[in-house]
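2 protein chains.
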Amino acid sequence: KHKTRLRHILREEDEPTPTLFTEMDTLQYEGGEMEWKESARWVKFEEKVEEGGERWSKPHVSTLSLHSLFELRTCLQTGCVLLDLEGYSLPQIVDDIIEKQVQEGLIAPEIREKISFVLLRKHRHQTKKPIHRSLADIGKSSPSSEYHSPSPSPRSGSGFHRSTEDLRARESGSLSKLRESGLLCLPPSIDLSTTTSGSLEFLISLKNKFMKKIPRDAEASNVLIGEVDFLDKPFVAFVRLAQAATLGGLTEVPVPTRFLFVLLGPDGKTKSYNEIGRAMATLMVDDLFSDVAYKARDREDLIAGIDEFLDEVIVLPPGEWDPKIRIEPPKKLPSAEMRKSVFSLNELGQPNGNAGGGAASAEDEEMPAPHELGEELKFTGRFCGGLWLDIKRKVPWFLSDFYEGFHIQSISAVLFIYLGCITNAITFGGLLGDATDNYQGVMESFLGTALAGTVFCLFGGQPLIILSSTGPILIFEKLLYEFSINNDIDYMEIRLWVGLHSCLQCLILVATDASYIIKYMTRFTEEGFSSLISFIFISDALKKMMSIFNYYPINPDFNPDYITSYRHNYYLNNPFLFVFLSLVFNFSSLDWNQLSKKECLRFGGSLVGKSCKYVPDLAMLSFILFFGTYSMTISLKKFKASRYFPTKLRKLINDFAIFTSIMTFVGLDMFMGLKTPKLIVPTEFKPTRPDRGWIVMPFGKNPWWMCLASFVPALLVTILIFMDQQITAVIMNRKENKLKKGCGYHLDLFWVGILMAVCSFMGLPWYVAATVISIAHIDSLKMESESSAPGEQPQFLGVREQRLTGILVFVLTGVSVFLAPILQYIPMPVLYGVFLYMGVASLHGIQFWERMKLFLMPAKHQPDFVFLRHVPLRRVHLFTLVQITCLAVLWILKSTVAAIIFPVMILGLMVVRKTLDLVFSQHDLAWLDDILPDKDKKKKEDEKKKKEKKKAKSEEHNNSDEEVRTTTIRCVRSKFILDPGYLPLQNIHYCSEVTFRFLREFRFLMFLKEVSYTHQGNIVSI
Amino acid sequence: KHKTRLRHILREEDEPTPTLFTEMDTLQYEGGEMEWKESARWVKFEEKVEEGGERWSKPHVSTLSLHSLFELRTCLQTGCVLLDLEGYSLPQIVDDIIEKQVQEGLIAPEIREKISFVLLRKHRHQTKKPIHRSLADIGKSSPSSEYHSPSPSPRSGSGFHRSTEDLRARESGSLSKLRESGLLCLPPSIDLSTTTSGSLEFLISLKNKFMKKIPRDAEASNVLIGEVDFLDKPFVAFVRLAQAATLGGLTEVPVPTRFLFVLLGPDGKTKSYNEIGRAMATLMVDDLFSDVAYKARDREDLIAGIDEFLDEVIVLPPGEWDPKIRIEPPKKLPSAEMRKSVFSLNELGQPNGNAGGGAASAEDEEMPAPHELGEELKFTGRFCGGLWLDIKRKVPWFLSDFYEGFHIQSISAVLFIYLGCITNAITFGGLLGDATDNYQGVMESFLGTALAGTVFCLFGGQPLIILSSTGPILIFEKLLYEFSINNDIDYMEIRLWVGLHSCLQCLILVATDASYIIKYMTRFTEEGFSSLISFIFISDALKKMMSIFNYYPINPDFNPDYITSYRHNYYLNNPFLFVFLSLVFNFSSLDWNQLSKKECLRFGGSLVGKSCKYVPDLAMLSFILFFGTYSMTISLKKFKASRYFPTKLRKLINDFAIFTSIMTFVGLDMFMGLKTPKLIVPTEFKPTRPDRGWIVMPFGKNPWWMCLASFVPALLVTILIFMDQQITAVIMNRKENKLKKGCGYHLDLFWVGILMAVCSFMGLPWYVAATVISIAHIDSLKMESESSAPGEQPQFLGVREQRLTGILVFVLTGVSVFLAPILQYIPMPVLYGVFLYMGVASLHGIQFWERMKLFLMPAKHQPDFVFLRHVPLRRVHLFTLVQITCLAVLWILKSTVAAIIFPVMILGLMVVRKTLDLVFSQHDLAWLDDILPDKDKKKKEDEKKKKEKKKAKSEEHNNSDEEVRTTTIRCVRSKFILDPGYLPLQNIHYCSEVTFRFLREFRFLMFLKEVSYTHQGNIVSI
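From first to last, the protein sequence lines are chains A and B. If you count by the UniProt record's numbering, then the first sequence holds residues 1 to 1022, one letter each, in order. If you count by the UniProt record's numbering, then the second sequence holds residues 1 to 1022, one letter each, in order.
With the rest of the complex left out, here is chain A (with noise of 0.2 Å):
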């Protein structure tokens, strides 16, 4: 069969073929002359030319008809095949077509110069006009040009249409006269599109345009489809040049021509010629045969080639599909490597069923990737091993953290994260500053988020987390300021206390790998976590706003007739005190209208009725900041999925959503003028509580055994901390994220317990991870591949990781005492819509999420997320029930005093979910959470595992040759149970059939995503 022909010369060599740019051209009559007309080409994905509309077409799946394929095959069959034809010149190789044509008596010779001659006409290419040039071009085309040239494709458009032209032309004789008699003054219209002349330098810097599109190694495969009248049976050609060659005008973009495909055939049959072009071209892009297109040895080669494509290829019914639809280019692609494996496997194992079929249905075998939080936070069971392990990983790391950072997108990140912290830090100062009657108050809130972020971002294993404060830490402060107040104790100097017992346990802690346990945590405690602390931002900011609300009231009551009236309230109320005073200021009663409000006050009157404390608008205009700042950016962050704009422009709004809407909002706030309430940084450098220095000393006021008893309190705090900590890093390190430099847990910690000395020597707010801000830095440093092959979705291609915006924002933290004169312009509504949108940005993308909305959705509304495929809905619903309700008891929590043990209860969380392998299967667990580490199996893995190598050893010793060094097989994304790396396997070329069996099954027992191996050089994943 043709598939073992097709596995002998595709593992012939391992070398990648380049990858190819075809290009088709047909023969057209233009005026009275032929030309070739480009009228399609392909990258990846078919763009046609589309005739009338002279512009290319969307990038789309060339659909073909089967007619086509069988009748191509038949082409190559009966054609001439040249492979590796000596060609340097467009002349010689038709020549050498031409003469091998007549040598095998497919033509009478005597045909052969009007065969030369037709493949020799020049090409003309399809080219955009820049726009500039096409508004000038508007005043100057005339319709006169539709008339007095033929229609463009008189030959290739079908006859009809063409007589129709003509009674059209014949109909508006009358135009073209009065276009002569001079009463319509336009130029006879100059054809632009003719670029074979190439003398025009912008064409030539539209095509550089495209060629970013293509690939710099590729190689072009030229396509021709003719119809002439002086033959009587198709003229058929398949030409591969032995080296690829630029042959003129030949291809539309400076790539070198490896293919060449003539069809050339009597005339009438156009439709059915084009067909068989774009089948060729079609295959000529398709991975797998042009890799056989580049290794064929013979005819038959390629014809294997073509049935390959055949097995493989993917039918629509005619009655469910209509073929006029041009279908989009699909999300993702089966990648090529896949496909071609099937060869280079040899006899290693035939998929069950055929090829198409397999396709189709491989999804039945898959299982969900398993839970994975890399090697990272193995349990190394040496004295700082983890540690030391972060920190060889980051190394090599750091200087590219720095350069990586000079981006555009960076400032926006750097702009958006600042007003984040600062809002926070002003919050979190005020509210600490009630809290402990201003030991900490807004200044050194400001300081410490300043210097912790800095220090973190410099040393942090994990750049991108944010520090700040949090409730919980806010809250445990108050109850030991109070606890302090109340037993005469000294609270800065117990604070400290607490801070250095905290610190030394996080630095145990680090020490001993404990950051392992973080593996317990699976999707469904991390997606609980996340989604309480974005509820929290998102009510926080409600709240916020409500508050402007009732601190700056509607007043319904308010009329102007009372404007006047309530002075004379005011009299009603205070007819002594206004006696008094008009006595001792020997004011005239008159003067009273005199005063301001502010004065009157001073003399102790007081304001009555609803209208005197009153600020109009403030709330409608606070509400409509702040409810337009979060709009305004979700419709900019949604836009870049929109169709305007060119795609750099509308990232670059993509980048800026959140600083346009904050100027945006700004600037309405000031146009208004209106004195709403404003961000107040403090502008000296002092701390708020006179007081108090920058230093605490850790002895002298407090008793003793305070020192030590300290220790109880802190524990507390370090679960606190380790928890909120762990927790933001583990959903900053998700795999979506596609984080490239590797995690730091135990180097993370290590740097906050250090943070927390300096903090509490300083007197300053103790820092850790802040979930939502953190997200929102990462979201804000998302990069997407540029360019790729027309019609290719743009990649997501990880994080801009780096510690220049980290640090940018926390130098920014720390100077913002003098930036002062520029923020008291930013109204509080507006950064409170920015915490809005903080909020539910963050919720976006967890799957919790995605499944609370299902409870919304009528079954067959819903999308098909994979896990609804293999669950039963009720199933999805119970989960999801079950986590809502842990949300809620988490939410009455932290409403209570019972917050400080807040992050105590993600521990809980976590014995929830191991209660819930009690009531779902592994097998729905696996799809909606992940399945737990389990011990028992893991030790069974490891005894295994180790089993597995000693007899790996052993036979190696017995038996070893050259042959089996070669072959190894490599663990793609173990989960802990084998280290990835080596493990020689034996005579996997004598025993393949069972060894393929027996690595599906290792697969599938270890869970393992992939499992590939290297066999001779190529790289074989199962």
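Among these hints, one or two may not hold up.
Copies of the same chain look alike in the list, so a pair counts if it fits in one copy or across any two.
What the hints assert, rightly or not - Below, in silico cross-link-like pairs of lysine-lysine (DSS-like), each with a Cα-Cα straight-line distance of 25 Å or less:
| no. | residue 1 | residue 2 |
| --- | --- | --- |
| 1 | K860 | K331 |
| 2 | K213 | K860 |
| 3 | K735 | K324 |
| 4 | K637 | K324 |
| 5 | K853 | K675 |
| 6 | K332 | K48 |
| 7 | K332 | K860 |
| 8 | K324 | K269 |
| 9 | K48 | K331 |
| 10 | K914 | K894 |
| 11 | K735 | K651 |
| 12 | K860 | K324 |
| 13 | K738 | K324 |
| 14 | K894 | K114 |
| 15 | K378 | K853 |
| 16 | K114 | K100 |
| 17 | K340 | K740 |
| 18 | K853 | K640 |
| 19 | K269 | K3 |
Derived from the structure by calculation, the hints contain no laboratory data.
Let chain A serve as the given structure and place chain B on it in line with the hints.
Below, chain B alone, put in the same frame as chain A:
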């Protein structure tokens, strides 16, 4: 070839075959027992059972592999085909099949029993559980079911998958133990999906719900696919029953089975068998193949059917598409008629090229549908001919015009349009009152609107049109009033005469069928006009909103301090007045403070300072109401496309979007309790100006020649009314609206004329069609098809054409005088929001607007508009620019006094359009606009037609045998060339090739969309 064969069987009879519902069951081993389990079903598209999810997948296009289709072909070639088997029960049918196979020697007699046993296993169907059930279920089902019973599809799933399951089951053994030990109290699960027992009523009701999706006359085809160990080669049977019979629980729904396909095969190739089964099922629901299957005489016919299917199949290259992607059903499907017609065509010419290729490139030949306004605008040449035809057309619908209005959608439409109407009535009433010194005021406006609207909706030709005052009429009245005041002429009397003259002129226009000139109004004019009106609506809404800001300005200087000090200013400015007042009223100055603003003003005082006139919060709240109403309406309208809630609820939300938004923001306004400007309707039924009555006398106050002279201004009014009325009618009758009851241009104009006279006599304003409100009316009455095959898009069916909503709107307007207590709660900003929405919504779907957006889009992001495929972008832009310029000029004109000649300007637009013929080619214009009817051409066509008729007649005389009589040509959508009717043509059967050519030629010559002719009862379209 197979085509000849198909042509034979497909032409045999004409009776349409029933629709097929296909169900595929696969053999599964459930707990040691075999059973058939439903794995997919097809009504038109495939719905797969998601094994794990226990649910139906979304309907999707069946993607097949070519391999499976070929395998199926082989199966049918080698297997047993039983056509027209007399079957009444499954056992009997199975016996017959096996008997046949044994006879043919395909199977050994000894396995007869085994096969029979397998085929008669019970069938288990997938049923969607109702949600209340599944919620009740949640508590019941325990994980134990997953452990105790084997996985649902042990044989069909991959072996590896199974072993994983087993492994997990073993791992989780501890859980089962826990359960057994009583720690977990979960009852054993009850398998609810076994529905063969069929005793549960709710399942039946659900089935019935699905039954609605299957056409009433449908029959079932069952595909049974299984894998057994006792066969060594596949057992294949294709059975067609002579009569469709209900075979027990074979089919999920009570649909009688007609076809049965059985494939039992040896172990090990389940995937491949399933694919063959899917291919068979897909074939069975294919329109063409199911026809073939019904009519096949033997095995070869079926094979020919498959070959034809393969010919038409659409092929996706494997490298450009991922077979795992489920393709959503397309919006539009190729019609089955088209595909079948190829075969009923007989020898009448083969389309160029092959079928598949031809279909894919048919678009090249396609021309846009010609501009059509229907025969209603034909020039009859008889007195009142058009009017008479209009009445004849409308009378048969008159009754249905009422009972078709009874639908919930009507309520929403009435409320929406009612609010639009009274807002308009109040606005224009107010403006008219200003312009005419209250000769016509709000009261007259209400009364006139009610009267004119009710009459028009009762008797008008297009009852969906809403009459209203319009801007140009307002300006005319203003000018007329100024003229009569300046020249001492009685305004009401001259107005009466102008109205009478205008009425007369309208009637003359009606009598002479003058409305036919409307057909020179192409999309260019029509869209220009409606865009302009939309822009005016939008700008008016915004202007009115702005005026609120001016009326209740925001006071940034507002300071509570100043409240007390402005009185001080007052004193300073009016010292004398103060002294005077104190003397006269004997007030102490203190008493001034006791005065309210009102009193103060009464005493001649005036308030000074910015804070005085100031009403706070109103502007802001108004803005929130305005913008909120608008954006909430937009969101609710968009909500229809969301995934949430069942389709019906979403439809309801969509229908009541505007009403809901209005209610919400009226509620918000009431909650706020601020004194926003409210809708105020007159509460007493009397003329606004006391010195006028309800009847205007025609003589007495003005000189007699005035009666005649008013002919001149009347001309202007007539043009104005004619243009406004008829363009609106054209927009309403756009073919996109799919109106079925025909239009009545002449009848409309007749009533507008009559109402003009009536209104003039009663001194009420004149009324004419209001474009934007009429569009809103039609939009709010759109219908979509309810149920169709799963996956098929709901079709836009047309508009609820009736008179009821219109009449109700105007009756409500009439009684609004009594509704004042309710209406006074509606704030004006809410209504402005509704206006803004109306303006924006009426821009929707206008091609001009789409083309404007193109300016902002880079070429590659532009949507795939059909005109972009055929017209170069720069020409499209040029055309759009011309339109923009025209609109800009009109906009400027409208803003000056020249507004009165605004409707005349529409004629100007038509002239511009005529000039465009010189700048653009007819080809481009055909795509961008419509081609203007050409008088010369028309004459030519007429002559041609006559000639043809003559010729046809003479030939008919010569040679009038029966066969010729059956061959007639019917022209669908002829423009104005051919009368709809029958034009007999000669010998179409004999000189078929030539005729076919001729007919195609003819089609293009005549710009016909489609030419179809009946040939021996078959309708053939070209």
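Outcome of the hint check:
no.	hint	result
1	K860 - K331	both (23 Å within a copy, 17 Å between copies)
2	K213 - K860	between (39 Å within a copy, 14 Å between copies)
3	K735 - K324	between (40 Å within a copy, 23 Å between copies)
4	K637 - K324	neither (34 Å within a copy, 30 Å between copies)
5	K853 - K675	neither (40 Å within a copy, 40 Å between copies)
6	K332 - K48	both (22 Å within a copy, 22 Å between copies)
7	K332 - K860	both (24 Å within a copy, 20 Å between copies)
8	K324 - K269	within (20 Å within a copy, 36 Å between copies)
9	K48 - K331	both (20 Å within a copy, 22 Å between copies)
10	K914 - K894	within (23 Å within a copy, 74 Å between copies)
11	K735 - K651	within (24 Å within a copy, 40 Å between copies)
12	K860 - K324	between (27 Å within a copy, 19 Å between copies)
13	K738 - K324	between (39 Å within a copy, 24 Å between copies)
14	K894 - K114	neither (88 Å within a copy, 67 Å between copies)
15	K378 - K853	neither (36 Å within a copy, 56 Å between copies)
16	K114 - K100	within (16 Å within a copy, 63 Å between copies)
17	K340 - K740	neither (28 Å within a copy, 58 Å between copies)
18	K853 - K640	both (24 Å within a copy, 16 Å between copies)
19	K269 - K3	between (33 Å within a copy, 19 Å between copies)
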